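Chain A is fixed; fit chain B onto it per the hints.
These protein sequence lines map, in sequence, to chains A and B. For reference, each letter of the first sequence is one residue, going 1 to 296 in this note's numbering. For reference, each letter of the second sequence is one residue, going 297 to 696 in this note's numbering.
For the record, the hints were derived by calculation from the structure and aren't laboratory data. Worth double-checking, as some hints may not be accurate.
[As the list claims (entries may be wrong)] Here are some chain A residues the structure puts well away from chain B; computed CB gaps all over 10 Å:
id	residue
1	Leu74
2	Phe77
3	Arg193
4	Ile206
5	Pro209
[Said to hold, decoys possible] Label-pair ranges, simulated between beta-carbon atoms:
id	chain 1	residue 1	chain 2	residue 2	range
6	B	Leu465	A	Phe42	56 to 64 Å
7	A	Leu152	B	Ser459	53 to 61 Å
8	A	Pro46	B	Val313	52 to 60 Å
9	B	Leu608	A	Arg201	51 to 59 Å
10	A	Val106	B	Ser432	36 to 44 Å
11	A	Gly133	B	Gly336	33 to 41 Å
12	A	Trp204	B	Val313	47 to 55 Å
On a predicted model such as this, the values are computed, not experimentally measured, just so you know. Every residue gets a Cβ at the ideal spot worked out from N, C-alpha and C, and that includes glycine.
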Amino acid sequence: MSDATSQTAALAAAPEVPLVAPRIRRRTPVGSYVLLGLIALFTVLPLLLIWFTAFKPNIDTVTKPYAPPDSFYLHNFVEAWKTGRFGTYFENSVRITIPVVIVSVVFSMLAGYALASIRFRGSRLFLIVFTIGLMIPTQALLIPLFITMRDLRLLDTFWSVIIAEIGFALPFGVFIMRAFFRSLPTELTDAARMDGCSELRLLWHIALPLSLPAVLALALFQFIFSWNDFLFPLIFLSSENARTLPLGLIYFTGKYTTNWALTGAGVIMISAPVILLYIALQRHFVRGIVAGGLRG
Amino acid sequence: MAGIGLTRITKVFENGVVAVNELDLEIADGEFAVLLGPSGCGKTTALRIIAGLEEPTAGLVRVGGEIVNHVLAKDRNIAMVFQNYALYPQMSVRQNMGFSLRLHRIPKQEIKERVEAAAHLLGLEALLDRKPRTLSGGQRQRVAMGRAIVRDPVAFLMDEPLSNLDAKLRIQMRAELLKLHQRLGTTIVYVTHDQIEAMTMGQRVAVMRDGAILQLDSPQRLYREPTSVYVASFLGSPPMNIVSAQASVDDGRLQVVFGEHRLTVPAATNDTVAARCPCKVALGFRPDDVERAATAEEAGTITVRADVVELLGSDALVHFSLGSGVQRFTELMEEARETAALEGAVFTARLREEEAPASGDQLHLHVHPRRLHFFDAATGARLAGNDQPLLLSGSLSHAS
Numbered sequence: 001m002s003d004a005t006s007q008t009a010a011l012a013a014a015p016e017v018p019l020v021a022p023r024i025r026r027r028t029p030v031g032s033y034v035l036l037g038l039i040a041l042f043t044v045l046p047l048l049l050i051w052f053t054a055f056k057p058n059i060d061t062v063t064k065p066y067a068p069p070d071s072f073y074l075h076n077f078v079e080a081w082k083t084g085r086f087g088t089y090f091e092n093s094v095r096i097t098i099p100v101v102i103v104s105v106v107f108s109m110l111a112g113y114a115l116a117s118i119r120f121r122g123s124r125l126f127l128i129v130f131t132i133g134l135m136i137p138t139q140a141l142l143i144p145l146f147i148t149m150r151d152l153r154l155l156d157t158f159w160s161v162i163i164a165e166i167g168f169a170l171p172f173g174v175f176i177m178r179a180f181f182r183s184l185p186t187e188l189t190d191a192a193r194m195d196g197c198s199e200l201r202l203l204w205h206i207a208l209p210l211s212l213p214a215v216l217a218l219a220l221f222q223f224i225f226s227w228n229d230f231l232f233p234l235i236f237l238s239s240e241n242a243r244t245l246p247l248g249l250i251y252f253t254g255k256y257t258t259n260w261a262l263t264g265a266g267v268i269m270i271s272a273p274v275i276l277l278y279i280a281l282q283r284h285f286v287r288g289i290v291a292g293g294l295r296g
Numbered sequence: 297m298a299g300i301g302l303t304r305i306t307k308v309f310e311n312g313v314v315a316v317n318e319l320d321l322e323i324a325d326g327e328f329a330v331l332l333g334p335s336g337c338g339k340t341t342a343l344r345i346i347a348g349l350e351e352p353t354a355g356l357v358r359v360g361g362e363i364v365n366h367v368l369a370k371d372r373n374i375a376m377v378f379q380n381y382a383l384y385p386q387m388s389v390r391q392n393m394g395f396s397l398r399l400h401r402i403p404k405q406e407i408k409e410r411v412e413a414a415a416h417l418l419g420l421e422a423l424l425d426r427k428p429r430t431l432s433g434g435q436r437q438r439v440a441m442g443r444a445i446v447r448d449p450v451a452f453l454m455d456e457p458l459s460n461l462d463a464k465l466r467i468q469m470r471a472e473l474l475k476l477h478q479r480l481g482t483t484i485v486y487v488t489h490d491q492i493e494a495m496t497m498g499q500r501v502a503v504m505r506d507g508a509i510l511q512l513d514s515p516q517r518l519y520r521e522p523t524s525v526y527v528a529s530f531l532g533s534p535p536m537n538i539v540s541a542q543a544s545v546d547d548g549r550l551q552v553v554f555g556e557h558r559l560t561v562p563a564a565t566n567d568t569v570a571a572r573c574p575c576k577v578a579l580g581f582r583p584d585d586v587e588r589a590a591t592a593e594e595a596g597t598i599t600v601r602a603d604v605v606e607l608l609g610s611d612a613l614v615h616f617s618l619g620s621g622v623q624r625f626t627e628l629m630e631e632a633r634e635t636a637a638l639e640g641a642v643f644t645a646r647l648r649e650e651e652a653p654a655s656g657d658q659l660h661l662h663v664h665p666r667r668l669h670f671f672d673a674a675t676g677a678r679l680a681g682n683d684q685p686l687l688l689s690g691s692l693s694h695a696s
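With the rest of the complex left out, here is chain A (with noise of 0.2 Å):
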């Protein structure tokens, strides 16, 4: 009793002790958003001089080339799409793109799996020779690769750009499957093999599955390359019905003019896939290339 009485006394003596915690103010970063903001005014504001460029009549981008459109101008894309032969283009970049994607994706996928989980002779030389690959500037090889080409009579034909891309994609494409096979766990691959799995089970029914954010990564990165890519069509390609998409936004541009609407409105309809292709896919993306950067 009288020791509950003393230590109700001394509590009564304590000094006040506020119960909360006073709340950390923290100093608005304002340094930080005001760069922020910059940078990303920088980026948004060429992307958006070519939204207003594409929805106004050619005439304004002279006279008002700044101001937003008067009004939503449709006019450039079906003249981009028709007299600009866009829409062959359009389906000459998706007859070149969708193989190389599959292809260098597949390729990536069985390269990598073996060079991060098989042992196998040579595996070493072969990692280095896709390293090298990583290192080599595509400009270096324009050349050979083009008197390759016109030997094997490819030049003009798809095929040409098909296999060059393919070719270039490779060695990033097995660096990212290779880095992202070794992050798996060792007990997993052990735990199937042991299940009664092949090296080619192990890979579909395990290993993909688990890296599908890395596939998915890597189709959306070979995507872009493909996609956006000018330099092999342009010197692979010469006639005008084999034109890509970008080699197809250079003939707006004439000798002294440039149609700024229509190349405007060739630009979004280039970009808008991907930007698309991004959005389904960014969830995938980030992931992918977090997981092949850190554990790589």
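Same frame as chain A, but now just chain B:
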């Protein structure tokens, strides 16, 4: 079901590390065998070689009497339970358990029945449609076990399957594993660094070191008749007290001197040592084989001062030093060498609580002569010693 045999297995890794060195091991059909040793002793590599996940550099692997060196892991019909369970995260418990059967093209209805039977056995029925990430450690562990059972393999390999569980769950799973083994009767090779797991579960335990088996015996024999200083000090908690001592025969009695202490035991207790005397030996006695004596007069009694006394409830651990000049015997024991340096050569006795002294007290300790272990001071090999007949329990006796 099948027995497993390893003959002169050697595994040298690409970096030159010898993980397994001329290992011989015969595991009988239906036996529960444990590979026990510190990390890096080659026990997991040996297990992986049996599984087919690792190819031996030399030697033969036999499963069910047939040489399987060139049979792929997937075709050996052996199931393995991994330390981190290795459940496929994208599959439900049901799919995880049935995956192997699906690969082997078993009809769907049969897969369902076998998965459900295994789930029933392990109490997993309610979890069948959940993903591994939503399960607790113990549940995942059971699913991993279920995945192995469903296949009805010729043998189970288990690589420290309980080490990620908390202490309470581990004890429970230990019992469940034993029950499972009794029920299925399938050969189990179990790898662990935990001596309690090894002692409680294994019908035979192989103590491994540097890629080789030092002793393969029933747990009781390992504990009571260790063939080397290493095995003696590796098993038992607290570890065996081992000192460097000088042995001589005087008047038909074996005199063992270490520091200022002298133990006198009938020479007949250990003929091997008596025959070699005078000689240097490593003398060992387990903390459990010590009891408190009333006087120092009794034969086999030493007088020590209790440094620290730990009360554990029913019994007490008394830590004592044996005075200057008495060192823990540490030759051949790299692991122990560090410990000894840290502990300042502390020895331990386990006494009944009512016998426990206070810290700082002087006390007389009596070591039963039959419980003394003698080892060669140079090689660490056993010089016979405890020749008392061993009592093996019925269920374990067939293993040895």
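Do the hints match the structure? See the list:
no.: 1; hint: Leu74; result: 45 Å, holds
no.: 2; hint: Phe77; result: 43 Å, holds
no.: 3; hint: Arg193; result: 5 Å, violated
no.: 4; hint: Ile206; result: 6 Å, violated
no.: 5; hint: Pro209; result: 5 Å, violated
no.: 6; hint: B/Leu465 / A/Phe42: 56 to 64 Å; result: 57 Å, holds
no.: 7; hint: A/Leu152 / B/Ser459: 53 to 61 Å; result: 59 Å, holds
no.: 8; hint: A/Pro46 / B/Val313: 52 to 60 Å; result: 58 Å, holds
no.: 9; hint: B/Leu608 / A/Arg201: 51 to 59 Å; result: 53 Å, holds
no.: 10; hint: A/Val106 / B/Ser432: 36 to 44 Å; result: 39 Å, holds
no.: 11; hint: A/Gly133 / B/Gly336: 33 to 41 Å; result: 39 Å, holds
no.: 12; hint: A/Trp204 / B/Val313: 47 to 55 Å; result: 34 Å, violated
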